[in-house]
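2 protein chains.
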Amino acid sequence: MFKKIAIVGVGLIGGSIGLAVKKKLLAKEVIGVARRESSRRKALKFKAVDKATLNLAEAVKDADLVIIASPVGKITGLARASLKFMKKGAILTDVGSTKKHVVRKIEKFANKKVHFIGTHPMAGSEKTGVENATSLIFDKAPLIITKTKNTDKKALARLKKFWENLGCRTFVLSPEKHDMHVSLASYLPHVVSFALSASQTKDSLKFAAVSFKDITRVSSSDPELWKDIFLSARPSVLKSIKVFSKSLKALEKAIRKKDAHAVKRFLSKAKSIRDGI
Amino acid sequence: MFKKIAIVGVGLIGGSIGLAVKKKLLAKEVIGVARRESSRRKALKFKAVDKATLNLAEAVKDADLVIIASPVGKITGLARASLKFMKKGAILTDVGSTKKHVVRKIEKFANKKVHFIGTHPMAGSEKTGVENATSLIFDKAPLIITKTKNTDKKALARLKKFWENLGCRTFVLSPEKHDMHVSLASYLPHVVSFALSASQTKDSLKFAAVSFKDITRVSSSDPELWKDIFLSARPSVLKSIKVFSKSLKALEKAIRKKDAHAVKRFLSKAKSIRDGI
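For the protein sequence lines, the chains are D and Z, in the order given. Position 60 of the first sequence, counting from 1, maps to 60 under my numbering, and the rest follow consecutively. Position 98 of the second sequence, counting from 1, maps to 1098 under my numbering, and the rest follow consecutively.
FYI, nobody ran anything at the bench for these hints, they're computed from the structure. Yeah, the Cβ is synthetic: ideal placement off N, Cα and C, and Gly gets one too. Incorrect hints may have been included.
As the list claims (entries may be wrong) - If you want a taste of the chain Z side facing chain D, the calculated C-beta under 7 Å gives, among others:
hint, residue
1, L1083
2, F1085
3, N1132
4, L1136
5, P1189
6, S1204
7, D1214
8, P1223
9, L1225
10, W1226
11, I1255
12, I1277
One chain only, chain D, in its complex shape:
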């Protein structure tokens, strides 16, 4: 599909993209860009990329597709730097978990020479690093491509095909709609999981059953990464916390009033929503 793909940031997601691209033969060459020499060597050791460099300019200058796979807080800076060196007609994308803030900011300094389109593969793990990368995480994972009035349709179609070849189920949405829907489906569960772990005591942790472990698994995720996500998608995150708090209050009230019918109605509704996936 592409002659050369450059992946900027070869961690869990970047590394997994590299492995998947190589496995599915979607590019002649995959080059990884690392910030540190140790990361550069690790990317090669785990065979996530064909080549790896610390030199961004060199890696992106003749790439047909540049994928920024850094933490959310670093995406716009890396996009700006990449755009300076990218060739005409190439596609620039990012895989950040928040889109409104990132996409709108990059579009402000993007040029017509390069097609910038934001994406968000809803795949990952509480683990980090290329050592935990695997091409399997994209299998049937939802992937959102953001579309704005500036989006080039041909480039979008090509990028869509690329992610579908990696195994993703793609959706095209505005950056604003992305943040709204993903806030409920992803940011909020993470908020809740972190808050649940933070509520525990030394005594209660002794009784952590499988259900507790499942629900709090993602609270083992990287705090730096999620701090950036929560702050970058702040308005949507706050909105979804409000929705959840209202829902929690309704259940709490039914329990407080010993209203068995209302409690059961609430739980049945939640169950039917969950069973609908």
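Given the coordinates of chain D, assemble chain Z onto it according to the supplied hints.
This is chain Z only, laid out in the frame that chain D set:
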């Protein structure tokens, strides 16, 4: 360990106990008591018990151990009925998820002839019914045995050994302490999971990734069962919701104020608690 064990209620937990007892040869005979003829036949079909009957009196009258494995709302009634027929020196136990309400109520009408001791194996599934029963659910599962001033020490030691033989990690606690700790570790995660599913929209559900599915898995649990648990352990459940709400508010406030340090501190604390399990 026992000549005859009677299991009253052969659903997911009762059935799993039957399978585990037979696998580990802990009793000469396991008899199941069902409410409906269809359940009686199912218990036999899945080989969860050696014999199955609809007649409670007949099943419990010569049993050395009677285990009430019904939904929480039915435990005290079945305990009262069983006590009428049980033989001197036998042990009566239940496996209900809430203990203060259940144990204190049964102790009011229990007699010295039979040793009543409450237990709570923290094992289960969002699935129900003997068709989903498996002896594996007890493997390393936390199990709480409740101790009160009325508890017979020899009977407690015997019951403890029994559960350890099934694979559980046992803890001895007062019914009150049980409800307090388990409320944070089990009722609260269920409350939160139900509230999270109830907060979703048709659009957000399209973007349900693995993390969302893990966190909301238990909200597929039986609403009738969890309604009973939430109402039976009402004071503890309400207290744990209060603890959680406070924790959620702290995180929300840090995000609202764009306080990156406070957000990261909160997430790091949550992660270290979770990683400590």
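Evaluation of the provided hints:
no., hint, in the structure
1, L1083, "violated (27 Å)"
2, F1085, "violated (30 Å)"
3, N1132, "violated (14 Å)"
4, L1136, "violated (11 Å)"
5, P1189, "holds (5 Å)"
6, S1204, "holds (4 Å)"
7, D1214, "holds (5 Å)"
8, P1223, "holds (4 Å)"
9, L1225, "violated (9 Å)"
10, W1226, "holds (6 Å)"
11, I1255, "holds (5 Å)"
12, I1277, "holds (5 Å)"
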